[in-house]
Amino acid sequence: KAGVTQTPRYLIKTRGQQVTLSCSPISGHRSVSWYQQTPGQGLQFLFEYFSETQRNKGNFPGRFSGRQFSNSRSEMNVSTLELGDSALYLCASSLEGLVTGELFFGEGSRLTVL
Amino acid sequence: AQSVTQLGSHVSVSEGALVLLRCNYSSSVPPYLFWYVQYPNQGLQLLLKYTSAATLVKGINGFEAEFKKSETSFHLTKPSAHMSDAAEYFCAVRTMDSNYQLIWGAGTKLIIKP
Numbered sequence: 008k009a010g011v012t013q014t015p016r017y018l019i020k021t022r023g024q025q026v027t028l029s030c031s032p033i034s035g036h037r038s039v040s041w042y043q044q045t046p047g048q049g050l051q052f053l054f055e056y057f058s059e060t061q062r063n064k065g066n067f068p069g070r071f072s073g074r075q076f077s078n079s080r081s082e083m084n085v086s087t088l089e090l091g092d093s094a095l096y097l098c099a100s101s102l103e104g105l106v107t108g109e110l111f112f113g114e115g116s117r118l119t120v121l
Numbered sequence: 072a073q074s075v076t077q078l079g080s081h082v083s084v085s086e087g088a089l090v091l092l093r094c095n096y097s098s099s100v101p102p103y104l105f106w107y108v109q110y111p112n113q114g115l116q117l118l119l120k121y122t123s124a125a126t127l128v129k130g131i132n133g134f135e136a137e138f139k140k141s142e143t144s145f146h147l148t149k150p151s152a153h154m155s156d157a158a159e160y161f162c163a164v165r166t167m168d169s170n171y172q173l174i175w176g177a178g179t180k181l182i183i184k185p
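Heads up: the protein sequence lines correspond to chains A and B, in order. The first sequence begins at 8 in my numbering and counts up one residue at a time. The second sequence begins at 72 in my numbering and counts up one residue at a time.
By construction, these hints were calculated from the structure, which means they are not laboratory data. Errors might be hidden in some of the hints.
[Claimed, not checked] Each computed DSS-like pair below joins lysine-lysine, with the alpha-carbon atoms no more than 30 angstroms apart:
1. B:K120 with B:K184
2. B:K180 with A:K64
3. B:K140 with B:K180
4. B:K120 with B:K139
5. B:K129 with B:K140
6. B:K120 with A:K64
Build out the structure end to end from the sequences listed, making use of the hints.
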C-alpha cells in the first residue's frame, strides 16, 4: 500500500511570492491534516480536511489556506510569503481523522523563503 | 488548556542501555496520549498510543510507555537502545477539549553512543 506522498520535497521561494504544496493520502483515507514544523516552534497544526470539508483549523493567518479534492488529495497554499514561513510542511492522512489520533505522515515539503 | 512537556531536548544513551524519554501532560479530561518518532529526513511515525485501556502500552520496535494519572505522565522506555533508535521522539495529547487536535510536545532528540 503506497504511503502519503508530498510534492515537491524541496523548494525555494522569495518573499512576497506564493506557494502551493500537494499531498496524496493513503488510498481510502478521507482525512488530510497539515502541520508546520520549525526548530523554534516545533509542530504546529494548520488545518484538517475530511471529505473535502475543512473540519479543524489551527491558529495561522489567512495567508495559509488549503483544500481537498474529491479523490482526497489535498493542497495547501501560502500567499505573500514571509521569511518566517521557512519550514518543513508535513501532511498526514488518516482513515477517520484527528479523532483517533492515528496519523500517517508524508516525508514533508521543505520550504525555504529568501 | 492542554499542554505537553517533554523534559530534555536531547537525551544521550549508550548502545544497549535503557532509554527513558519523559512526557508530562495537562488535561482536564481523560486524554488520549501518543508517541511518534521522526527519523532524519522523514515524516513522523506512530510508535504507540494510550486510549484509556491498559496503562502499560506496548509499541513498535520494542518501545513501551506507561500512563500514570497521578503523575500526569506518559514516559517512553526501551530496555536496550540500538543505534537505529537514533531519532526525534514526540509526545502528543488529544482531548475532546481541543476539538480533537493533537497538542504536540517540543520533541526529544535521542542520541545513541556506540
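key: Satisfaction of hint between K180 (chain B) and K140 (chain B), Cα-Cα up to 30 angstroms   = holds, 25 angstroms
ask   = Is K120 (chain B) within 30 angstroms of K139 (chain B), Cα to Cα?
value = holds, 14 angstroms
query = When you check the alpha-carbon spacing of K120 (chain B) and K64 (chain A), does it fall within 30 angstroms?
reply = Roughly 23 angstroms between the alpha carbons, so the hint for K120 (chain B) and K64 (chain A) holds.
key: Proposed proximity, K140 (chain B) with K129 (chain B) (alpha carbon, max 30 angstroms)   = Holds, because 18 angstroms separates the two Cα atoms, which is no more than 30 angstroms.
request  = Could you grab the alpha-carbon distance between K120 (chain B) and K184 (chain B) and see if it respects the 30 angstroms cut-off?
outcome  = holds, 28 angstroms
ask   = Is the straight-line distance between the alpha-carbon of K180 (chain B) and that of K64 (chain A) 30 angstroms or less?
value = holds, 28 angstroms
When held up to the earlier numbered hints, the structure conflicts with none and fits them all.
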